[in-house]
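Chains as they are written, first to last, in our numbering: chain A, 1 to 227; chain B, 1001 to 1257; chain C, 2001 to 2639.
Keep in mind that a hint or two might mislead.
[Said to hold, decoys possible] Derived lysine-lysine pairs resembling DSSO-like cross-links, with alpha carbons at most 30 Å apart:
#1 B:K1002 <-> C:K2498
#2 A:K93 <-> B:K1011
#3 C:K2026 <-> C:K2008
#4 B:K1021 <-> C:K2498
#5 A:K93 <-> B:K1047
#6 B:K1047 <-> C:K2557
#7 C:K2466 <-> C:K2035
#8 C:K2481 <-> B:K1011
#9 B:K1047 <-> C:K2498
#10 C:K2033 <-> C:K2186
#11 C:K2639 <-> C:K2299
#12 C:K2497 <-> B:K1002
#13 B:K1147 <-> C:K2369
#14 C:K2033 <-> C:K2017
#15 C:K2008 <-> C:K2466
#16 B:K1047 <-> A:K103
#17 C:K2603 <-> C:K2008
#18 C:K2022 <-> C:K2008
#19 A:K104 <-> B:K1011
#20 C:K2255 <-> B:K1021
#21 B:K1021 <-> A:K103
Hints were generated in silico from the structure; no laboratory data involved.
Values in this document were obtained by computation on a predicted structure and should not be read as measured data.
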Amino acid sequence: MSTIAVGGLNRTAALYQSVIGKKVIMAVTGFILSGFVLGHMIGNLQVFAGPEKLNAYGAFLQSLGGALWAARIVLLASVGLHITMAVQLTMLKLEARPQPYVKKTALVSTYAARTMIWSGPIVGAFLVYHLLHFTTGQAHPDFKPGDVYANVITGFRNPAVSLFYMVANILLAFHLYHGVWSMFQSLGVAHPRYTPLLKRVAQTFGIVVGLGNVAMPMAVLTGILSL
Amino acid sequence: MKLTLNIWRQKGPNDAGRIVKYEMPNVDEHMSFLEMLDVLNEDLIHKGEEPVTFEHDCREGICGCCGFMINGLPHGPQRGTTVCQLHMRQFHDGEELWLEPFRAKAFPVLKDLMVDRSAFDRIIAAGGYVSVNTGCAVDGNAIPIEKQSAEMAMDAAACIGCGACVASCPNASASLFTSAKIAHLGLLPQGQAERDRRAVRMVAQLMEEGFGYCTNTGECEALCPKGVKLENIARMNRDYLKAAILYREENASAGGA
Amino acid sequence: MAINLDAKIPSGPIEQKWNKAKFDYKLVNPANKRKYSVIVVGTGLAGGAAAATLGELGYNVKAFCFQDSPRRAHSIAAQGGINAAKNYQNDGDSVFRLFYDTVKGGDFRAREANVYRLAEISVSIIDQCVAQGVPFAREYGGVLANRSFGGAQVSRTFYARGQTGQQLLLGCYQALERQIDAGRVKMYARHEMLDVIVIDGRARGIVTRNLVTGAIDVHIADAVALATGGYGNVFYLSTNAKGSNATAIWRAYKKGAAFANPCFTQIHPTCIPVSGEYQSKLTLMSESLRNDGRIWVPKKQGDTRASGQIPEDERDYYLERMYPSFGNLSPRDIASRAAKRVCDEGRGVGPGGLGVYLDFSDAIGRLGKKTIEERYGNLFEIYERITGEDPYSVPMRIYPAVHYTMGGLWVDYNLESTVPGLFVLGEANFSDHGANRLGASALMQGLADGYFVAPYTIGNYLASIKPGGVDEDHPECRLAKEEAEARIQTLLGIKGKKTVDEFHRALGKIMWDKCGMARNAAGLEEALPQIQALREEFWQNVTVPGSGAEVNQSLEKATRLADFLELGELMVRDARVREESCGGHFREEYQTEEGEALRDDEKFCHGAVWEYQGSEQAPVRHMEPLIFEHVHLTQRSYK
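With the sequences and hints as input, model every part of the structure.
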């Protein structure tokens, strides 16, 4: 097979169009979103401190006004870009190996790494539900604007809802477990001494966020938290 | 020992392939895997059937010709080994094996277990070199090179271009291959002048060839017969990012390639 | 046609010959270079370097290789290193010493002027490779490291772990890819050369088969360079790659290029022994291992104890005993024959008694396992993969195997064969190594020819001719193409009972038994009719499945073997006539009382140059006398 001359191709520096550029956008938006996820969880854990604390926290956030909207816009944009990149990259992946293997063995890749493309959309769907459920209330039968604590308790009393929350958050933990390490690699940060450490940090991050988020519906279901 | 082989047979690039089953009643454990296939092929020729086509040349693990999937793993179950170096003592009596070509859009199957990997050559042609014409070199010791940099460059340069990284990658990405060359040359003083251009052009070619992208799963590193490290991909990402942000396009009047 | 064996050696002192030649060579005007085209066959160190450099100079280059990529040529498998007279170690090396060692190592059967040029150029090769980014081993201070190699008492071998050939070839391949990208070289991978086209007495092109589609094509150029490697695979089992073949040089020979010293083959002392009937190739363990490994066999015949059970005083470190000053670093031919001798005495180890120990326990004790691992880690790993034994704890078993062919197409000082316009580079020519090649010199020669010699000499040739003038429809082109097609149809049409490999194994056995490590008149007399009979049977009883219009590996093997079956005969003829022992050519009748090679400088201080006379007649042997002005002919002693 003759190798033809390859000059004249469009070998230009188009960051957005390149696979590495797309991964960088994934990494940066992922970084923002995982920061949010952590902050969000810490804020919400105030549910264990009682209704006053949590409702005050909710009121405080609402009082931020413009700043809150700015944060929301950044987050929404991040989610949008993160998903867009994911979709584009998945299309590329499907194109890159049109004929699948009859038999394929995965050796070292984690379940988390291989299932990003499933954990991602499920978490995405959960996000929409979560907003409708606790932020805007359309998906909450007993929604009381302003009474965050009551909304949490009445919402999680429904076992189906709680179960969905727990499953989605376990998937989110997996997603973070791979994603938080992966974003460093995508941004070009790797070193034999620090990479194993980063992986452990990512693992811990996933577990902490997962446990924290699962703790809330669990506490409501088991009656530890009630009105 | 006795083995059952399920081998992907495909007449040509445009034919549909299928798995065909062969029984190997008498396999010696000291044979190499390719010698085992030689025995099968001699048998097939005597029976008037077409032998199984597989790529091979040096049979000592360095030319990078050989490589196919054995039970879903490129080059088979032994780590750090090409299929020509793999010996039958790695298998046990009665085992059933599945042999398939490396699969990727950028690696079209030519026949049976043989694929076209010329995409790799085109990636190197895009920038995997130091532009130094014969005759214009300075003395070999004129530029000292830190031993560790030389060793790391060598680690990356050990890539044999077999394609196992692409084959093992869930996304059929050629990031490990491309990054190994970017890292090899980027770690040496001689490679600095073209570092940005190299990253930009090689990554562009990588996409042009239709390889997938890297999701940092680490399969490539684990399956690379020469132990090329995932760290190289981070290095490529770093070089590319810097280059993509700061690189100035070559314009025709200034003279291109 | 009278054959012209003028070596065209420039006049003047040996140190100035190459400079003088470079000045005397005619030049092609830079603007005219693109009007000339050059075909380069083979993309190993010699071919790859030549194609890249000719491209850089501005010629139109077409490069061919049978592998799927130019990066896979068998130069890649060279392990130990590359020599250069840099004298970075301050241990007394010089261009003259490298020249002297090479001539002596070759047992005084090489041309002085060529070898001197090789030693001179060796220095620039290292510089060029470093500039390309070849990651040679370095010291902590950042300077290049060196190791010792057989046949030399200075440390002049540069290396990149045990993968020096790979790294040099990748440097060369990258330079080639750069020219491909620039459009200066057009690369034809998976193309096998089937014939040379000679028009009006000049090489004007080649016939190729596309190994994917089966298409037979004609390619025309103003000059043709063959850099297609050696012919060790005539023995079936060798350290060569499975695809390495002699078709290009053999076809050239049949078109009028003389073949020199075909019987000079090198048997490498350190290879992994054969393990069974199914064996498809032999794997080399780098000679560099002999820096730290000690070679021994039991003193007692038929000693079947495990290596560890044999006490120190019952071991015979025979190289250290017989050659105290070079010891385990004796040259290859000497070390190989010594191994054969102790095995013939019944003191060999391992299955069939065909092996000797290469033991690292002393070195591990002295330097520690880590140092040994740093130096030879990948070689130890290769050994472990193949044999299933751990060389850190039990000694390696090694045995000699066919490795390199010093013989090849005759070339003059300009690397031009007896066919004008046909240049031969690297292992494919006969020029620099005489009757035995020293370790780490093949890489040196390949790159010297490719980067620094051929680009000058081919330019000189082109400057003397007008570009173009023939096309693919020329009657000679059509004829060559038709012949190639007919040959393939014949092979496919025989549909006999035996496979190509069965014939190849049979040829290999004849060659190894009768024309291998030790040869004698009686054996060589027997071999000739045996090879002829085998060849006849091949053309009647071979079976080649499939068609010619697809990937057909059996057909590739068959066309290559058909040529080996003819080449083997020429090797036997050459070995029979050369009634002396020198280097790799050991005639049992001609040895000293101690069993060393006994040269006959009176009668055989010449290159034997064979000229093809058609298939019906025996070839004619010509002689190129060798004149030594700078090196004194001595009995080689490594004691």
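Cross-check of the supplied hints:
Taking the CA atoms of K1002 of chain B and K2498 of chain C, the gap is near 25 Å; set against the 30 Å cutoff, the hint holds. Of the supplied pair hints, the one linking K93 of chain A and K1011 of chain B holds, its CA atoms being roughly 27 Å apart against a limit of 30 Å. Between the alpha carbons of K2026 of chain C and K2008 of chain C the distance comes to roughly 15 Å, so the proposed pair stays at or under 30 Å and holds. With a C-alpha separation of about 24 Å, the suggested pairing of K1021 of chain B with K2498 of chain C holds against the 30 Å cut-off.
Using a Cα cut-off of 30 Å, the hinted pair K93 of chain A and K1047 of chain B is violated, with the two alpha carbons roughly 42 Å apart. Simply put, K1047 of chain B and K2557 of chain C have alpha-carbon atoms about 19 Å apart, close enough for the 30 Å limit, and the pair holds. With a CA separation close to 9 Å, the supplied pair K2466 of chain C and K2035 of chain C stays within the 30 Å bound. Taking the CA atoms of K2481 of chain C and K1011 of chain B, the gap is about 26 Å. The hint holds against a cut of 30 Å.
Using a Cα cut-off of 30 Å, the hinted pair K1047 of chain B and K2498 of chain C holds, with the two alpha carbons roughly 11 Å apart. Between K2033 of chain C and K2186 of chain C the CA atoms are separated by roughly 16 Å; this keeps the pair inside 30 Å, and the hint holds. Restraint check: the Cα-Cα separation between K2639 of chain C and K2299 of chain C comes to about 21 Å, which is no more than 30 Å; the hinted pair holds. Between K2497 of chain C and K1002 of chain B the CA atoms are separated by roughly 27 Å; this keeps the pair inside 30 Å, and the hint holds.
Taking the CA atoms of K1147 of chain B and K2369 of chain C, the gap is near 20 Å; set against the 30 Å cutoff, the hint holds. The straight-line distance between the Cα atoms of K2033 of chain C and K2017 of chain C is roughly 26 Å, inside the 30 Å bound, and the hint therefore holds. Taking the CA atoms of K2008 of chain C and K2466 of chain C, the gap is about 22 Å. The hint holds against a cut of 30 Å. Proposed proximity of K1047 of chain B and K103 of chain A is supported: the alpha carbons are some 29 Å apart, at most 30 Å.
For a cut-off of 30 Å, the pair hint linking K2603 of chain C to K2008 of chain C stands: about 23 Å separates their Cα positions. Simply put, K2022 of chain C and K2008 of chain C have alpha-carbon atoms about 13 Å apart, close enough for the 30 Å limit, and the pair holds. Pair hint K104 of chain A plus K1011 of chain B holds up; C-alpha atoms about 22 Å apart against a cutoff of 30 Å. Among the hinted pairs, K2255 of chain C with K1021 of chain B is inconsistent with the structure: their alpha-carbon atoms are about 47 Å apart, more than 30 Å.
A hinted pair counts as satisfied when its Cα atoms are at most 30 Å apart, and K1021 of chain B with K103 of chain A qualifies at roughly 15 Å.
In this structure, the earlier hints numbered 5, 20 are contradicted, and the remaining ones agree with it.
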